[in-house]
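Enquirer: Here the protein sequences line up with chains A and B, keeping their order.
Per our numbering: the first sequence = residues 6 to 308.
Per our numbering: the second sequence = residues 8 to 253.
Just so you know, these hints were derived from the structure itself, not from any lab.
None of these values were measured; they are calculated from a predicted model.
One should not assume that every hint holds.
Sample of chain A residues at the chain B side, in silico, Cβ under 8 Å [said to hold, decoys possible]:
1. Ser19
2. Ala21
3. Ser22
4. Ala188
Glycine included, every Cβ here is placed at the ideal spot set by N, Cα and C.
So the chains spell out like this:
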Amino acid sequence: MAFTDMRSWLLDESPASRSQARWGRIFRISLAFRSNTLAMVGLVIVLALIAMAAFAPWIATHDPIAQDTYARLRPPSAANWMGTDELGRDIWSRVVFGARITLAIVILVAALAAPAGLLIGATAGYLGGWVDRVLMGITDIFLSMPKLILALALVAALGPGIENAILAIAVTSWPSYARIARAETLTFKNADFIAASRLQGASSWRIVVGHILPLCTSSMIVRVTLDMAGIILTAAGLGFIGLGAQPPLPEWGAMIARGRTFILDQWWVATMPGFAIITVSLGFCFLGDGLRDVLDPKSGEKH
Amino acid sequence: MTAIHIDNLDVSYGETQITHGVSIDVEEGGSFALVGESGSGKSTVLKAIAGLAPEWRGTIEIFGRPRSHGIDPDFARTCQMVFQDPYGSLHPRKTVDATLMEPLNIQGLSDHNERIAAILKDVGLDNRFRFRYPHQLSGGQRQRVAIARALIVEPKVLLLDEPTSALDVSVQAEILNLLKRLRRERGLTYLMVTHNLPIVSFLCDRLAVMRGGRIVETAGAENLKQGHLQNEYSRELLALSAPPAV
Chain A
6 MAFTDMRSWL LDESPASRSQ ARWGRIFRIS LAFRSNTLAM VGLVIVLALI AMAAFAPWIA
66 THDPIAQDTY ARLRPPSAAN WMGTDELGRD IWSRVVFGAR ITLAIVILVA ALAAPAGLLI
126 GATAGYLGGW VDRVLMGITD IFLSMPKLIL ALALVAALGP GIENAILAIA VTSWPSYARI
186 ARAETLTFKN ADFIAASRLQ GASSWRIVVG HILPLCTSSM IVRVTLDMAG IILTAAGLGF
246 IGLGAQPPLP EWGAMIARGR TFILDQWWVA TMPGFAIITV SLGFCFLGDG LRDVLDPKSG
306 EKH
Chain B
8 MTAIHIDNLD VSYGETQITH GVSIDVEEGG SFALVGESGS GKSTVLKAIA GLAPEWRGTI
68 EIFGRPRSHG IDPDFARTCQ MVFQDPYGSL HPRKTVDATL MEPLNIQGLS DHNERIAAIL
128 KDVGLDNRFR FRYPHQLSGG QRQRVAIARA LIVEPKVLLL DEPTSALDVS VQAEILNLLK
188 RLRRERGLTY LMVTHNLPIV SFLCDRLAVM RGGRIVETAG AENLKQGHLQ NEYSRELLAL
248 SAPPAV
């Protein structure tokens with residue numbers, strides 16, 4: 006009974022308050038999202054990653070950095086679910102703790118790059134003129150350099166380490182967000198509802214933040230989610246060449262790099278973290294695709 | 008008192024000059040129509056007054072005060088605009104409530120709840136529409152919201168850019184009646200752009216016929232009703248809009 010009450014409250018065509026209107030919109034989007042199987046698979050994977058990161062000490066069976074040289078390079082068994090690496094560390098536990106690092110990278114990069122790109126792109130698009138030319142010129146300079154090479158150069162300059170890797174990936178990923186935000190802004194810039202708020206005396210800042218950014222966010226969420234896979238892979242790539250997370254941190258890319266030496270005889274050392282990277286990347290891709298279906302403004306203004 | 012005084016107005020978009028020496032005067036409380044075919048520059052005059060077409064020469068005065076070329080919050084209190092397409096003039100992600108809240112916040116007016124409730128009642132929208140999104144409203148309801156948004160800052164002058172041409176005929180009548188009542192109750196001055204002459208005779212007391220960016224004739228609405236227009240082009244326009252003889 007309470008459930009059906011809740012449902013009809015959320016789906017009410019005539020909400021009675023600001024919060025009811027907002028929750029109703031979120032509920033409608035989640036209903037549409039739930040009917041998409043692949044998106045739900047993606048969501049489950051991402052939620053599993055979050056749970057793994059949050060409860061790592063309870064999920065892991067061993068200490069991720071405790072070495073046991075007597076038990077090195079053991080194949081997967083009941084005691085070591087994914088085997089052990091060259092220093093006898095339990096790979097399953099390292100993969101579990103690695104989820105924390107991966108999640109931190111993804112969240113920090115998204116939190117740094119997406120708002121910066123959004124604001125720069127929307128400002129350039131709305132103001133136009135020389136502001137547009139300067140901001141987009143800078144964006145184009147960053148865009149013209151290959152992502153991984155630029156990240157490499159930055160990390161090399163700043164020094165290896167996970168924080169610098171995050172910073173480097175953020176610096177390389179904002180330009181594409183700025184481009185998208187600018188393109189979106191240009192489509193709304195001359196709309197009557199923007200003209201109407203200009204006529205009410207709204208400042209450019211108010212229009213960009215209050216009117217244009219809310220219209221760009223849904224495509225931005227989609228884009229960022231789809232990019233998460235790439236971010237994870239770039240971070241893993243940096244880890245692989247030794248410029249990302251430093252030992253003994255259990256970063257997945259770095260783990261693959263260590264396992265490369267034994268890939269023919271002790272395949273599990275490199276394969277297990279590889280599986281983790283593939284699974285999580287796929288999860289974010291599915292989630293992003295599903296979000297695009299329900300959020301993309303081009304697929305109609307239904308929500 | 009003259010509410011809108013325009014003298015010798017030339018508006019350009021970049022290199023292209025749209026209007027040539029447009030001069031009109033609208034009395035306070037009056038309702039003036041600019042009619043003409045598409046591309047005659049009638050909407051451009053409205054945009055120049057509003058500040059959306061900043062490249063112009065000549066004189067625009069609102070209640071005797073010269074108009075600047077840009078948009079300033081003070082001017083917003085005097086003059087507001089209703090757009091042609093109610094589907095494009097409301098922010099798709101904002102509820103009616105949020106749309107009406109915006110001008111109050113910009114102008115720093117208090118009593119948000121009371122003002123919004125009052126204006127919704129005034130434009131004939133039930134309170135249950137208050138927290139709906141534009142996609143949950145019909146075209147006529149959207150246009151009522153747009154009118155409410157324009158009127159919530161209590162302007163004296165309303166610029167109407169073909170406010171009913173995007174609506175069904177039956178809804179058109181409702182909106183026109185609403186505009187007529189609001190003008191009477193609030194003592195508003197209307198400057199309306201339209202190509203529909205019956206609307207002019209219903210809502211306006213004077214009109215100017217525009218062609219190719221120039222005013223070819225200015226006349227009272229009674230001349231229009233009696234078919235006493237002087238200019239040949241105006242008569243042609245009138246003949247085109249007359250119902251076909253059966």
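Enquirer: Return the status of the interface hint for A:Ala188: holds when the least beta-carbon distance to chain B is below 8 Å, violated otherwise.
Expert: violated (18 Å)
Enquirer: Would the stated hint for A:Ser19 survive a check requiring a Cβ distance to chain B of less than 8 Å?
Expert: Where the cut-off is 8 Å and the nearest Cβ of chain B is about 4 Å from A:Ser19, the hint holds.
Enquirer: Holds or violated: is there a CB of chain B closer than 8 Å to the CB of A:Ala21?
Expert: Result: holds, 7 Å to nearest chain B Cβ.
Enquirer: Mind checking the CB of A:Ser22 against every CB in chain B and telling me if the closest is under 8 Å?
Expert: holds (6 Å)
Comparing the model with each numbered hint stated earlier shows that hint 4 is the single one that does not hold.
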